[in-house]
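Visitor: Protein chains in written order, with numbering that gives the first Met the number 0: chain U, 0 to 308; chain A, 0 to 285.
It should be emphasised that the hints constitute simulated quantities derived from the structure, not laboratory data. Heads up, some of the hints might be wrong.
What the hints assert, rightly or not - Derived BS3-like pairs (lysine-lysine); straight-line CA-CA distance at most 30 Å:
id : chain 1 : residue 1 : chain 2 : residue 2
1  : A       : LYS178    : A       : LYS15
2  : U       : LYS13     : A       : LYS178
3  : U       : LYS13     : U       : LYS176
4  : U       : LYS13     : A       : LYS145
5  : U       : LYS158    : U       : LYS255
6  : U       : LYS176    : U       : LYS255
Claimed, not checked - Heads up, incomplete: computed chain A residues facing chain U, CB under 7 Å, no partners named:
id : residue
7  : VAL138
8  : ALA143
9  : LEU173
Said to hold, decoys possible - Derived list of chain A stretches under chain U, where covered just means 3 residues or more per stretch with a C-beta under 8 Å from a C-beta of chain U:
id : region
10 : 120 to 133
11 : 163 to 169
By construction, the Cβ of each residue, glycine as well, lies at the ideal position given by its N, Cα and C atoms.
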Amino acid sequence: MRNRFASTLYELGKADERICIVVADISPAGSMERFRSEFPERFIDVGVSEQGMIGLCAGLALRGLRPFAYTIATFSAYRPFEMIRVDLCYQNLPVTVVGMGAGIVYSTLGGTHHAQEDIAVLSALPNLAILAPCDPPELADALRYCADAPGPVYLRIGKAGEPTFTDGAADPFTFGKLRYLRRGSDIGLIAFGHAMDLAVRAAHALEQHGHTVSVASCHTMKPIDTEGIARALREHAMVVTIEEHSRVGGLAAQVKQIAWETKAPCRLLTFSLKDEFIHLYGSHAELREAHGLSADRIVETILSSTPGS
Amino acid sequence: MGWFHDPIMGSPPSLKTYDPMASAQRCRAFRRRILDISQTLPAMHIAPAFSCLEIVETIYFSLMRRCTDGALWDDSFVLSKGHGCMAQYLCLEALGILPPGELERFCRAGGRLGNHPDLGIPGIEASTGSLGHGLLLGVGMAYADKLRGADRTVYVVMSDGELQEGSMWEAILLAPSLKVNSLVGVVDLNDFQSLGRMSELHPNFYPVVSKLEAFGWEVRQADGHDGQSIHEAIVGRRGDRPFMLVARTTKGKGVSFMESVAIWHYRSPTPEEYRRALQELEEPGA
């Protein structure tokens, strides 16, 4: 995702002089170096200064620029929280705050580097849109939205090496709309961001067991597609949410709320990170597993909850 | 597209001169008006506004260049100490930027003006109120101007208490690195925060001038209630780096019993106090 982020932003920045990148001491990956060398005045490294990063972006946006603030998700979202709230959201300025390596991608760096609750925290802010694309092409679509967004956006991305899931997707990317990658009728899997690999793997396994499965990307976490989710809850016998985010205030919580409000008739299972700090180290997959996030566990739980399996 | 290519035509208007008599008259009238408005509310920030009144008045009336035909020469003003906004509102009203009548509904239902300035109100260029934000906004605005080749000065007025916020020092470190030489900061140095003296709470805040110089700023000092001294210092800046004026002020300046008394940070005078305060602000010889 990092590389697609850089190459897309380079293309956008080449076409639109208002676009600038403000980073807080993070190495420009891949073609971000190209952006920096071709548009040096529009690439600003503020150093280890995240409040500075957001405040500066707000000032640039007050003058008509379209800044992208970019650093590791914990430092994008938490350290400068009040700058996001007051400078960006209260003033409704078109700044995109990119949280890179969100969730528990930095599995060996410890809890200080895990953004488990970023969506919960930021969702409470009026005016802020939240995007969490599931693969590099969807990230490119999301970035194109951000470049012309009417207000602030938090763009939550993974790190690197994510496969592509959206090739041949049933739906195109539309801001604010649940996007089906494939459609089935028994089980609807809804995921966002870099947790999509779990949904896709679970879908394959469930199909082996004779189920027809939908997989949908909930790339817009705010404003969430209430109607689209309500429809998914009506149209499937079972809906399953999968997220690399705390069970507090993420996809699970929101889908449950929609299910209650619409008296959804289906079964609903949710897979999230626990509401606990992580003091473990290991691979990304190992940390996920410690919180119950693995394709195998998801499949087993679904099958054991499905009548007739 | 086209952000850089809007034509920048002509040359900016020259700086205004400072008229001490007119300025003193305006500031006296502004103080009286603030006291009048205070009688409609249980509490407001009188002393913080009195502290920065001459600073804000000098910037708006004797320094800022404003044109009617476009924004490119328009200087900007950010009140980082948003709680001093009465000073700003009165200047904007007197300049005809803030429509008459708005201040009559200050802090009331149906009104737009509250105890902190909000973006969207005529003449207000940034929402402030939480301390520690305005200088970073100013750095961003000045950087965008530099990028565009626009000759605009960005004025940011901040409080000394506000310089306890770490984010201010992020801005102070960042501005010279980005060479935003059109940035002019003014510290309203009244040695107070809402509950006491800065020099008692943080004696090592001082000396502040050498601290700012060490961070790469051009720094001057002035009497913050003497517009002439403020004007001269700002006009005389070199302009080869960000500029900070450390303006020594008295919190509550102009009304003897409010001066340097912490309670007046956020309070309205009783009718008797109001009467006494107005007497002190009579026109000389009146």
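Visitor: Confirm or reject each hint.
Guide: Right, here's what the structure says about each hint:
1. For the hint pairing LYS178 of chain A with LYS15 of chain A, the CA-to-CA distance comes to about 25 Å; that is within 30 Å, so the pair holds.
2. For the proposed pair LYS13 of chain U and LYS178 of chain A, the alpha carbon gap of about 24 Å is at most 30 Å, so the pair holds.
3. Distance check on the hinted pair: LYS13 of chain U and LYS176 of chain U sit about 28 Å apart at the alpha-carbon level, within 30 Å; holds.
4. With a CA separation close to 19 Å, the supplied pair LYS13 of chain U and LYS145 of chain A stays within the 30 Å bound.
5. Of the pairs offered as hints, the one joining LYS158 of chain U and LYS255 of chain U holds, with about 29 Å between alpha carbons and a cut-off of 30 Å not exceeded.
6. Among the hinted pairs, LYS176 of chain U with LYS255 of chain U is consistent with the structure: their alpha-carbon atoms are about 18 Å apart, no more than 30 Å.
7. For VAL138 of chain A, the shortest C-beta to C-beta distance to chain U is roughly 6 Å, which falls under 7 Å, so the interface hint holds.
8. Hint status for ALA143 of chain A relative to chain U: holds, with the closest Cβ pair at about 3 Å, below 7 Å.
9. Given hint, LEU173 of chain A at the interface with chain U, holds; its Cβ is 5 Å from that chain's nearest Cβ, closer than 7 Å.
10. Given as covered by chain U, the region 120 to 133 of chain A passes the check, having 7 residues with a CB less than 8 Å from a CB of that chain where 3 are the minimum.
11. With 3 residues having a Cβ less than 8 Å from any Cβ of chain U, the region 163 to 169 of chain A passes the three-residue criterion, so the hint holds.
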